[in-house]
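Start from the sequences, fold in the hints, and give me the full structure.
If you read the sequences in order, they're chains A and B.
Going by my numbering, the first residue of the first sequence is number 22, and it counts up by one from there.
Going by my numbering, the first residue of the second sequence is number 22, and it counts up by one from there.
By construction, these hints were calculated from the structure, which means they are not laboratory data.
Hints should not be assumed to be uniformly reliable.
Note that the list lumps identical chains together, so a pair holds whenever it fits in one copy or between two copies.
[As the list claims (entries may be wrong)] No more than 20 Å apart at the CA atoms, straight line, and that leaves these computed lysine to aspartate or glutamate pairs for EDC-like: (1) K26 <-> E192; (2) K144 <-> D402; (3) K377 <-> E148; (4) K33 <-> E148; (5) K33 <-> E455; (6) K452 <-> D394; (7) K270 <-> E286; (8) K328 <-> D354; (9) K403 <-> D362; (10) K438 <-> E397; (11) K266 <-> E355; (12) K293 <-> D279; (13) K26 <-> D394; (14) K272 <-> D259; (15) K26 <-> D80; (16) K265 <-> D193.
A quick note: this is a predicted structure, and the numbers were derived from the prediction, not measured.
Protein chains: 2
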Amino acid sequence: MKLSKYLLPVLKETPSEAEIISHTLMLRSGMISQSSSGIYSWLPIGLRVLKKIENIVRDEQNNAGVNEILMPTIQPADIWNESGRYEDYGKEMLRINDRHDRQMLYGPTNEEQVTDIFRRSIKSYKELPQLLYHIQWKFRDELRPRFGVMRGREFLMKDAYSFDIDEMKSEDSYNRFFICYLKTFARMGLKAIPMAADTGPIGGDLSHEFVILSKTGESDIYFDQRILQEDESINEIDYEGDLKKPVEKFKSYYSVSDDKYNESEFNKNVDKQNQMQSRGIEVGHIFSFGTKYSTSMKANVLDFDGKEKSVYMGSYGIGISRLVGAIIETSHDEKGIIWPDVVAPFLFGIINLSPKDEIVSSNAEKIYNYISDKYETIYDDKKDNAGVKFSRMDLIGIPHQIIIGNKSKSDNEIEYKNRRTGNSEFINIDKIDEFIKRFPSYSAI
Amino acid sequence: MKLSKYLLPVLKETPSEAEIISHTLMLRSGMISQSSSGIYSWLPIGLRVLKKIENIVRDEQNNAGVNEILMPTIQPADIWNESGRYEDYGKEMLRINDRHDRQMLYGPTNEEQVTDIFRRSIKSYKELPQLLYHIQWKFRDELRPRFGVMRGREFLMKDAYSFDIDEMKSEDSYNRFFICYLKTFARMGLKAIPMAADTGPIGGDLSHEFVILSKTGESDIYFDQRILQEDESINEIDYEGDLKKPVEKFKSYYSVSDDKYNESEFNKNVDKQNQMQSRGIEVGHIFSFGTKYSTSMKANVLDFDGKEKSVYMGSYGIGISRLVGAIIETSHDEKGIIWPDVVAPFLFGIINLSPKDEIVSSNAEKIYNYISDKYETIYDDKKDNAGVKFSRMDLIGIPHQIIIGNKSKSDNEIEYKNRRTGNSEFINIDKIDEFIKRFPSYSAI
Numbered sequence: 022m023k024l025s026k027y028l029l030p031v032l033k034e035t036p037s038e039a040e041i042i043s044h045t046l047m048l049r050s051g052m053i054s055q056s057s058s059g060i061y062s063w064l065p066i067g068l069r070v071l072k073k074i075e076n077i078v079r080d081e082q083n084n085a086g087v088n089e090i091l092m093p094t095i096q097p098a099d100i101w102n103e104s105g106r107y108e109d110y111g112k113e114m115l116r117i118n119d120r121h122d123r124q125m126l127y128g129p130t131n132e133e134q135v136t137d138i139f140r141r142s143i144k145s146y147k148e149l150p151q152l153l154y155h156i157q158w159k160f161r162d163e164l165r166p167r168f169g170v171m172r173g174r175e176f177l178m179k180d181a182y183s184f185d186i187d188e189m190k191s192e193d194s195y196n197r198f199f200i201c202y203l204k205t206f207a208r209m210g211l212k213a214i215p216m217a218a219d220t221g222p223i224g225g226d227l228s229h230e231f232v233i234l235s236k237t238g239e240s241d242i243y244f245d246q247r248i249l250q251e252d253e254s255i256n257e258i259d260y261e262g263d264l265k266k267p268v269e270k271f272k273s274y275y276s277v278s279d280d281k282y283n284e285s286e287f288n289k290n291v292d293k294q295n296q297m298q299s300r301g302i303e304v305g306h307i308f309s310f311g312t313k314y315s316t317s318m319k320a321n322v323l324d325f326d327g328k329e330k331s332v333y334m335g336s337y338g339i340g341i342s343r344l345v346g347a348i349i350e351t352s353h354d355e356k357g358i359i360w361p362d363v364v365a366p367f368l369f370g371i372i373n374l375s376p377k378d379e380i381v382s383s384n385a386e387k388i389y390n391y392i393s394d395k396y397e398t399i400y401d402d403k404k405d406n407a408g409v410k411f412s413r414m415d416l417i418g419i420p421h422q423i424i425i426g427n428k429s430k431s432d433n434e435i436e437y438k439n440r441r442t443g444n445s446e447f448i449n450i451d452k453i454d455e456f457i458k459r460f461p462s463y464s465a466i
Numbered sequence: 022m023k024l025s026k027y028l029l030p031v032l033k034e035t036p037s038e039a040e041i042i043s044h045t046l047m048l049r050s051g052m053i054s055q056s057s058s059g060i061y062s063w064l065p066i067g068l069r070v071l072k073k074i075e076n077i078v079r080d081e082q083n084n085a086g087v088n089e090i091l092m093p094t095i096q097p098a099d100i101w102n103e104s105g106r107y108e109d110y111g112k113e114m115l116r117i118n119d120r121h122d123r124q125m126l127y128g129p130t131n132e133e134q135v136t137d138i139f140r141r142s143i144k145s146y147k148e149l150p151q152l153l154y155h156i157q158w159k160f161r162d163e164l165r166p167r168f169g170v171m172r173g174r175e176f177l178m179k180d181a182y183s184f185d186i187d188e189m190k191s192e193d194s195y196n197r198f199f200i201c202y203l204k205t206f207a208r209m210g211l212k213a214i215p216m217a218a219d220t221g222p223i224g225g226d227l228s229h230e231f232v233i234l235s236k237t238g239e240s241d242i243y244f245d246q247r248i249l250q251e252d253e254s255i256n257e258i259d260y261e262g263d264l265k266k267p268v269e270k271f272k273s274y275y276s277v278s279d280d281k282y283n284e285s286e287f288n289k290n291v292d293k294q295n296q297m298q299s300r301g302i303e304v305g306h307i308f309s310f311g312t313k314y315s316t317s318m319k320a321n322v323l324d325f326d327g328k329e330k331s332v333y334m335g336s337y338g339i340g341i342s343r344l345v346g347a348i349i350e351t352s353h354d355e356k357g358i359i360w361p362d363v364v365a366p367f368l369f370g371i372i373n374l375s376p377k378d379e380i381v382s383s384n385a386e387k388i389y390n391y392i393s394d395k396y397e398t399i400y401d402d403k404k405d406n407a408g409v410k411f412s413r414m415d416l417i418g419i420p421h422q423i424i425i426g427n428k429s430k431s432d433n434e435i436e437y438k439n440r441r442t443g444n445s446e447f448i449n450i451d452k453i454d455e456f457i458k459r460f461p462s463y464s465a466i
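What follows is the structure, given as structure tokens:
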């Protein structure tokens, strides 16, 4: 992509409304544009990151054997009346009357909607388990939206739902998502800590939050630091194998957020040298709630003995748009964002320092064509001065940068700069084949 | 994908609410499930088709050099008050008050929203043209939603917007989308006819609809049949070349829908033997409307002479969810859907006729692994009888079917059936390598 043909409205000033660094950097780097309080448009470079994250989440759901569906954003109030949550949900639910004055709502979550699909579709225990997910925009009318996409009103969430014949099978599904979530966050380079959590308005009796460590997190967390080491083995766990054992291992470590924190329990369960306290950002939440919805909404199946039975359910959410902000919170410096390779909007950024020089530009064009053939690449072909170009490329966080047209070097040399380390080296153009082999390929958007 | 692990709730009966064949077939084949009037959930197989179509639309927008963004579904009323459309739009607009009683709405289209993004981001003629698209759910509160996804309330649309410095440049952008749309529909195997159209609530003075021929279409269309031949050269047109000439060629043929039809003009402009009348389905609509929104919303740029100037705009829509229905309307038989290869949910379907026979099943499993490694494949491993399996695979429209375990044949032979022609042939398993080479590969979802 040539920058001269791209929409990238970077800002020099720090926007006054931004309270946290990810919000500031997303506005400054032209990733998002505010539409109204807590509601954002995603500009080209922001959308690329959002999709990268979405695709990792999707791919890992597919790996876990979960089937993708897509439920609408607007739901009828009827099904929420059936479950009893229509009155309970409060002002966070965006309520709408349509032209025929029927009560509708913008879905803040989808337990009712998916239970309705289930009860129309599935009649027998033979068709269980059913594991379904969707990735769709949700709306929660927060009293005070803030922190940009971290606590927006319209936000993108992956929510999944499990339907099982009994409590034991339901726990198998819960464990499957537990492992799936750890794998998902690990793929993004995040350390996510599972913590025992309250169930809130979703209901149920078994629940974990997945929290990543960040100084700017909204919740205080207390945990046994050995859980971080456990996380390193997550890639080796096979979905077809025993999932109960690794999940039990994770659960055996004390780890809670402030609402469940109890000092004497912490001291009793965790040696002083393993006690850790931090702030964290919740990026996932899983719930097992038995027959809460299937009973009220009559989502029954015939069991092997021919008797009707309410199914056991769970729900499992990942905040996809929130993750964009969360990753920035954990990966930035004073110059701007530092994208991990796997979610970078472009893996390579090429800076042409002398766009008016024909030889340099022809070289730059060739190198751009060569690299962009293999990797997603943004090419700064604009006529701005070097300082503007360097700081823009750093601000938007492109991990691997190629600088062409440095007057102090020969025409045959280009500079490679690593955004994270800041290290820089000179590469002979003739050896670019070899150079490029250092970089693994990631799937394009 | 193994059918035993898939959600595919096919129906035997024809649902009484369906008035047209695509609606019937989408419900019967388990593609969608109605949530409320004109609002649907997309079940796994339906979502796959929706995404295939979305990806073709996206890819062709990218080819045309249009940049993808993503605007939110919920917009503030303010910007619609600026343009003057908030009062005009009528009951089709879903109006919402948030918890602070601010007026919001579910976007039926995005001219105001994108103009707001533009005026915050772009200040100079040097940054023009700007071509932006997004693919997002829209809501139009139709008085009588009907025909399933063809006239739903919540629907997926690709809408694009162009911003240019003057009328001539704006026409270049218009022509670019004109050609892009013909290419897009041709890639889906559809013959789309561009017709001069009224501009409706979008406004402006230049507009074309893209209509595909279908007996069940909502509009009557009248056209010079030579335009169909013109369509065949569409792939050869290069975005970097002269686009005005081919567009003028298309425009030179008489082709209008009923609201613009005039019998004496038809007779004057088209020889009797070239006159065609048909019904059609609108799948795309493009508009050029000059400074209508940029003037009222003050979307100005500095021109080369340092003076402020309102930009010239156009907007360009494709109904993505509608296309799913439209393709079915043009491609089905009495047994069900016949998917064109490029949008099929799975290119191959494998039917195991003897799932209880260990040898057959082991063979079937091997063939499934082999084919699904290269192509998206659904494997019917369920324990239903042969008749159920055959009619289900035909109903859901899988273009290429492999039947394994036919008792009248040797264990070494499998049957290949082409859904569209109905032709069938027997293949020796040892020659499956050769057989599979017949099929081009399509990109996975």
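**Study point:** Identical-chain pair category, K33 with E455, by Cα at 20 Å
**Key:** The answer is neither: 37 Å in one copy and 60 Å across copies each exceed 20 Å.
Check your understanding: When no copy is specified for K377 and E148, does a C-alpha distance of 20 Å or less occur within a copy, between copies, both, or neither?
Key -> between (66 Å within a copy, 18 Å between copies)
Practice item. Indicate which option fits the pair K144, D402 if close means a Cα-Cα distance not exceeding 20 Å: within, between, both or neither. Key: For K144 and D402, only the inter-copy Cα distance (19 Å) is at most 20 Å; the intra-copy one is 60 Å.
Review point. Is the C-alpha distance from K265 to D193 at most 20 Å within one copy, between copies, in both cases, or in neither?
Key: within (7 Å within a copy, 61 Å between copies)
Check your understanding: Which holds for K328 with D354 at a C-alpha limit of 20 Å: within a copy, between copies, both or neither?
Key -> This pair counts as neither: shortest intra-copy Cα distance 61 Å, inter-copy 40 Å.
Review point. Given a CA cutoff of 20 Å, do K270 and E286 count as a within-copy pair, a between-copy pair, both, or neither?
Key: Intra 18 Å, inter 80 Å, cutoff 20 Å: intra-copy only.
Review point. Is it within, between, both or neither when you check K33 against E148 at 20 Å Cα-Cα?
Key: between (57 Å within a copy, 18 Å between copies)
Check your understanding: Using 20 Å as the alpha-carbon threshold, which applies to K272 and D259: within, between, both, or neither?
Key -> within (18 Å within a copy, 59 Å between copies)
Check your understanding: How would you label the pair K266, E355 (within, between, both, or neither) given a Cα cut-off of 20 Å?
Key -> neither (43 Å within a copy, 52 Å between copies)
Check your understanding: When no copy is named, should K403 and D362 be tagged within, between, both, or neither for a Cα gap of at most 20 Å?
Key -> neither (24 Å within a copy, 42 Å between copies)
**Study point:** Identical-chain pair category, K26 with D80, by Cα at 20 Å
**Key:** So K26 and D80 pass the 20 Å test across copies only (17 Å; inside, 31 Å).
Practice item. If the cutoff is 20 Å on CA atoms, where do K438 and E397 land: within, between, both or neither? Let me know, please. Key: This pair counts as within: shortest intra-copy Cα distance 17 Å, inter-copy 40 Å.
Consistency with the previously given hints fails for numbers 5, 8, 9 and 11, ordered from lowest to highest.
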